[in-house]
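Chemist: Going line by line, the protein sequences match chains A and B. Under our numbering, the residue at position 211 of the first sequence is numbered 211, and the numbers go up by one with no gaps. Under our numbering, the residue at position 280 of the second sequence is numbered 280, and the numbers go up by one with no gaps.
Check the hints yourself; a few may be wrong.
20 Å max Cα-Cα, derived EDC-like pairs, lysine to aspartate or glutamate [to be verified]:
#1 A:Lys103 with B:Glu104
#2 A:Lys47 with B:Glu122
#3 A:Lys47 with B:Glu298
#4 B:Lys47 with A:Glu298
#5 B:Lys216 with B:Glu122
#6 A:Lys152 with A:Glu31
It is worth saying that the hints were derived from the structure and are not from the lab. No experiment lies behind these values; they were computed from the predicted model shown.
There are 2 protein chains.
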Amino acid sequence: MSLRVVFLGTGGSVPTSSRGLPAVLVVRKGEQIMFDCGEGVQRQMVKAGGGFHRKMKIFITHMHGDHVLGLPGLMQTMALLGRERKLDVYGPPGITEFMECIKETVQFALTFQVEIHELEEEGIVCEETEYFVQAAYANHVIKGFAYALVEKPRPGKFYPEKAKALGIAEGPLWSRLQQGHEVKLKGGRIVKPSEVVGKPREARKIVYTGDTRPFKNLKKLAAGASLLIHEATFDDSLKDRAAEDGHSTPSQAARDAKSAKVERLILTHISARYEDASKLARLVKQAKKIFENTQAAEDFMKLEIPLCDD
Amino acid sequence: MSLRVVFLGTGGSVPTSSRGLPAVLVVRKGEQIMFDCGEGVQRQMVKAGGGFHRKMKIFITHMHGDHVLGLPGLMQTMALLGRERKLDVYGPPGITEFMECIKETVQFALTFQVEIHELEEEGIVCEETEYFVQAAYANHVIKGFAYALVEKPRPGKFYPEKAKALGIAEGPLWSRLQQGHEVKLKGGRIVKPSEVVGKPREARKIVYTGDTRPFKNLKKLAAGASLLIHEATFDDSLKDRAAEDGHSTPSQAARDAKSAKVERLILTHISARYEDASKLARLVKQAKKIFENTQAAEDFMKLEIPLCDD
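Here chain A stands alone, though its shape is the one from the complex:
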């Protein structure tokens, strides 16, 4: 079961011919988990073959227009297509008022429930059976969050031959052991899970920074992530401008990736000034000097994050 990451919009605050406004879609077992929802997302979804009826959660990093203005139109289209499933929207303070004002002033006839989760503080903001989403304060010019989608650890690999050697026949006891419970055999011998099961396997983690300067807690949030999607609005030569506007440079993103020991770094929220391929290449090169497994996002780029075995 692979996780699919689809970059729906990879531009900075102003869209270009090739880059739409920020949005990243993660598809996990048919569920869609979206990070940011810039203007034009619904059309990018149409082009990328996204679903309007699926189970879906949207996480907004901060209340700047380029990260949130795709929400009303996306909801309108879902309604026009007759969506019935609830939509969950998570975001910083202000998200409720924004949604309310849109519903009051633009003519809407929603066919489904929208549950808004206005986040007051960082921490685990959403928990499902198999994963959770953690928010950490980012460091932009307004309050906002970076998010980590974290799969819960999966049980270790089960070794049937070891179980059989201990005289445990295939059946309910195998399941109990794999689920981490001790088992008492007829002769009184107690078998610990560690005798027949490998150590729990690391699950996947995808981190999305939103707009931010480098911030200390990212190292913890992104520790060991399969994928770090980090903004890199300006190249290294505009480091001061980046700091002033609450953004990051490729080198800063790469240092974060390195210190958090992530597997892969994708730079996004690319300013329109790097539309030219050679300029974009310079941006990526700055990051690669520090963290080799780096790539710049492109609209409609798809990544598959496979399950890692132990």
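Go by the hints and put chain B onto chain A.
Modeler: Same frame as chain A, now just chain B:
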């Protein structure tokens, strides 16, 4: 001096790969006059080479999301690019509240003035030296307007040879005559403008219906228009659905074009169900049976409306 019409979005309520949400841009002597402003307009502007700093007016037909949700993002981008010129926005009741709520809930730092003209009733809603814009109640499911951009008649053609034959030498008297004033010659003879100037030349008129069922006043609004941009959401076979949802069919649009004696008809607000070329062709064919000079709009289609000479 030609009028340029650029179709920025020609889709119905839901965008498709090839059609964005509704917006038509008219460029007249460097000024931009936009009709409707659907989500994604700012990016369509980037692609079409539109300007973010130019003198500009936006006319919204009605408050459905697909016609108005491009406004906040367009304004944000204008601000990010440092626009200083005032932007004029005209629209139906509700437009002020919408703009206010966006400014309050999405972080905006406008660098320019936005003047909102909330239209209470039909009539001339904007008058400039060389043109005016007239609104007429449309007939959709909510209150809305169709708009006509009407150039004021230009003075007739001046005939120098006729003036010379009357003994009037080139000079200030020629100007006075062309501007419609009588002139008294030295011998006492009074020359009327009609003796040396042709009849006033028809100026151009462009009409944009927005979403609407056929409505009686369109005939007057569009009378003699150079261009009628009429919605045709559904083809003739879905006439009942069109009536129910407040839309028009190609035949209805064509009948309006014919009875208003317009020069050219462009169908727009094309539903996603006609994405296939053969289905679109059927739609156009239905209109052409009644009004031959008909075409379906396409995103980024550009039309030049030349000045007509007498």
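Chemist: Taking only the CA atoms, is the gap from lysine 152 (chain A) to glutamate 31 (chain A) under or equal to 20 Å?
Modeler: holds (16 Å)
Chemist: With the threshold set at 20 Å, check whether the alpha-carbon distance from lysine 216 (chain B) to glutamate 122 (chain B) stays at or below it.
Modeler: holds (14 Å)
Chemist: Assess, step by step, whether the Cα of lysine 47 (chain A) is no farther than 20 Å from the Cα of glutamate 298 (chain B), and give holds or violated.
Modeler: Measuring from Cα to Cα gives roughly 17 Å; hence the hint holds.
Chemist: Is lysine 47 (chain B) close enough to glutamate 298 (chain A), meaning Cα to Cα at most 20 Å?
Modeler: holds (17 Å)
Chemist: When you check the alpha-carbon spacing of lysine 103 (chain A) and glutamate 104 (chain B), does it fall within 20 Å?
Modeler: Given that 20 Å is the threshold and the Cα spacing comes to 15 Å, the pair holds.
Chemist: Can the restraint linking lysine 47 (chain A) and glutamate 122 (chain B) be considered satisfied, given a maximum Cα separation of 20 Å?
Modeler: Outside the cut-off at roughly 39 Å; violated.
Of the numbered hints stated above, the single one contradicted by the structure is hint 2.
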